[in-house]
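Once you know that position 59 of the sequence shown is 363 in our numbering, the rest is easy, because the numbers rise by one and skip nothing.
Among the hints, a few may not be true.
[As the list claims (entries may be wrong)] Listed next, with one range per pair, are the computed distances between beta-carbon atoms:
| hint | residue 1 | residue 2 | range |
| --- | --- | --- | --- |
| 1 | K438 | N460 | 48 to 56 Å |
| 2 | K549 | N420 | 34 to 42 Å |
| 3 | T371 | R544 | 28 to 36 Å |
| 4 | G359 | R544 | 19 to 27 Å |
| 5 | G359 | T309 | 17 to 25 Å |
| 6 | K549 | K438 | 48 to 56 Å |
[Unchecked claim] Calculated lysine-lysine pairs in the BS3-like style (CA-CA distance at most 25 Å, straight line):
| hint | residue 1 | residue 2 |
| --- | --- | --- |
| 7 | K380 | K549 |
| 8 | K518 | K507 |
| 9 | K541 | K502 |
| 10 | K326 | K541 |
| 11 | K314 | K326 |
| 12 | K375 | K507 |
| 13 | K375 | K343 |
| 14 | K323 | K506 |
| 15 | K469 | K518 |
| 16 | K375 | K314 |
| 17 | K506 | K326 |
| 18 | K518 | K464 |
| 19 | K343 | K323 |
| 20 | K541 | K469 |
| 21 | K518 | K323 |
| 22 | K440 | K343 |
| 23 | K464 | K502 |
Just so you know, these hints were derived from the structure itself, not from any lab. All C-beta atoms in this analysis are idealised placements derived from N, C-alpha and C, irrespective of residue type, glycine included.
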Amino acid sequence: MQHLTNRQEKILDIIRENKIIKVDILSSSFNVSEQSIRKDLNEICGRGLAARTHGGARLINAISNPTYEQKRLTSKDEKWEIARVTASLIPDNSSIMLISGTTTENVARALYNHENLVIVSNNLNIANVLFGSKAKEIIITGGTVRESDGELIGENTVSKISQFKADYGIIGAPAFENGGALLDINERAVSIARAILKHAQKKIFVCDSSKLLKTAPHVICNISDIDIFITDQEPPKVFREICEKSNTEIIIANRNFLKSM
Numbered sequence: 305m306q307h308l309t310n311r312q313e314k315i316l317d318i319i320r321e322n323k324i325i326k327v328d329i330l331s332s333s334f335n336v337s338e339q340s341i342r343k344d345l346n347e348i349c350g351r352g353l354a355a356r357t358h359g360g361a362r363l364i365n366a367i368s369n370p371t372y373e374q375k376r377l378t379s380k381d382e383k384w385e386i387a388r389v390t391a392s393l394i395p396d397n398s399s400i401m402l403i404s405g406t407t408t409e410n411v412a413r414a415l416y417n418h419e420n421l422v423i424v425s426n427n428l429n430i431a432n433v434l435f436g437s438k439a440k441e442i443i444i445t446g447g448t449v450r451e452s453d454g455e456l457i458g459e460n461t462v463s464k465i466s467q468f469k470a471d472y473g474i475i476g477a478p479a480f481e482n483g484g485a486l487l488d489i490n491e492r493a494v495s496i497a498r499a500i501l502k503h504a505q506k507k508i509f510v511c512d513s514s515k516l517l518k519t520a521p522h523v524i525c526n527i528s529d530i531d532i533f534i535t536d537q538e539p540p541k542v543f544r545e546i547c548e549k550s551n552t553e554i555i556i557a558n559r560n561f562l563k564s565m
């Protein structure tokens with residue numbers, strides 16, 4: 305097998321540094337056609353050194369699938385600040401759809417003292433968090449329980465969600481790439497997220513900064529489909545530019561934001 309060319313070596317270095325990269329950016333950086341870059345990426349990925357994504361390539365294992373308990377402990381403080389800010393935006397007497405996830409579980413906890421909420425979720429942990437709260441109604445979707453995280457999945461889950469029209473739909477995602485796509489490693493989770501977005505008036509995306517610039521194989525939606533993006537720190541310039549073009553509001557979750565309300 306021949307060695308990688310000098311340009312391919314440089315491209316691989318860029319992928320290792322940035323975790324993910326787009327064809328058009330590489331084309332501009334090396335002043336060559338996008339077709340040439342695609343051939344380079346095919347060669348690099350064909351050797352198992354990276355993996356192709358829609359419109360580019362990523363570092364292999366750029367995202368993993370840790371256990372639910374591990375996810376709970378990851379960025380724990382950041383997720384709680386995001387949850388508190390998210391809850392502060394939601395008035396009493398609202399209807400909310402909460403997708404399964406550790407960040408949305410924190411949102412449920414932050415909503416505990418809100419009054420007369422109607423909350424629909426596909427996660428048993430979220431229902432348990434809200435038990436005894438001032439919510440008017442807690443609705444668990446149908447579906448098959450995934451024992452690893454208490455998530456309800458399947459066609460019945462999507463069908464149940466489709467029966468509602470909520471004031472707010474709150475989703476998370478394990479990956480948010482610099483092209484503006486919200487991504488997931490589980491195709492069935494994608495269907496549920498899309499159903500929530502379709503049947504919610506205000507669409508909120510909660511995502512801590514550790515998930516930025518990561519990738520996964522399945523596209524949930526584009527950031528342009530989201531009304532409010534809540535994260536824990538100022539995102540890289542590329543994300544702010546994408547959100548501004550999409551008219552998606554970015555909120556940085558911290559105590560100063562809560563004090564300003």
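Status of the hints after comparison with the structure:
Take K438 and N460: their Cβ atoms lie about 29 Å apart, and the range 48 to 56 Å is violated. Between K549 and N420 the CB atoms are about 37 Å apart, so this pair conforms to the stated range of 34 to 42 Å. The hinted window of 28 to 36 Å between T371 and R544 holds, with their beta carbons roughly 32 Å apart. Hint check: G359 to R544, Cβ distance near 20 Å, so the stated range 19 to 27 Å holds.
Distance hint check for G359 and T309: the Cβ-Cβ separation is about 22 Å, which falls inside the suggested range of 17 to 25 Å. At roughly 39 Å, the beta-carbon separation of K549 and K438 lies outside the given 48 to 56 Å, and the hint is violated. Straight-line distance between C-alpha atoms of K380 and K549 comes to about 31 Å, which puts the hinted pair past the 25 Å bound. For the given pair, K518 sits about 22 Å from K507 by alpha-carbon distance, which is consistent with the 25 Å threshold.
Of the supplied pair hints, the one linking K541 and K502 is violated, its CA atoms being roughly 28 Å apart against a limit of 25 Å. Of the supplied pair hints, the one linking K326 and K541 holds, its CA atoms being roughly 16 Å apart against a limit of 25 Å. Between the alpha carbons of K314 and K326 the distance comes to roughly 14 Å, so the proposed pair stays at or under 25 Å and holds. The straight-line distance between the Cα atoms of K375 and K507 is roughly 23 Å, inside the 25 Å bound, and the hint therefore holds.
Proposed proximity of K375 and K343 is contradicted: the alpha carbons are some 37 Å apart, above 25 Å. Simply put, K323 and K506 have alpha-carbon atoms about 31 Å apart, too far for the 25 Å limit, and the pair is violated. Annotation: proposed proximity of K469 to K518 is violated, straight-line Cα distance about 31 Å (limit 25 Å). The hinted pair formed by K375 and K314 fails the criterion: a straight-line CA distance of about 34 Å is larger than 25 Å.
A C-alpha spacing of about 30 Å is found between K506 and K326, which places the hinted pair above 25 Å, so the restraint is violated. A C-alpha spacing of about 31 Å is found between K518 and K464, which places the hinted pair above 25 Å, so the restraint is violated. This hinted pair checks out: K343 and K323 have alpha carbons roughly 19 Å apart, not beyond 25 Å. Distance restraint check for K541 and K469: the Cα-Cα separation of roughly 34 Å exceeds the 25 Å cut-off, and the hinted pair is therefore not satisfied.
At most 25 Å may separate the alpha-carbon atoms for a hinted pair to count; K518 and K323 meet this at roughly 7 Å. Our distance criterion of 25 Å between C-alpha atoms is broken by K440 and K343, whose separation comes to about 57 Å. For a cut-off of 25 Å, the pair hint linking K464 to K502 stands: about 13 Å separates their Cα positions.
Of the hints listed earlier, those the structure fails to meet are numbers 1, 6, 7, 9, 13, 14, 15, 16, 17, 18, 20 and 22, in rising order.
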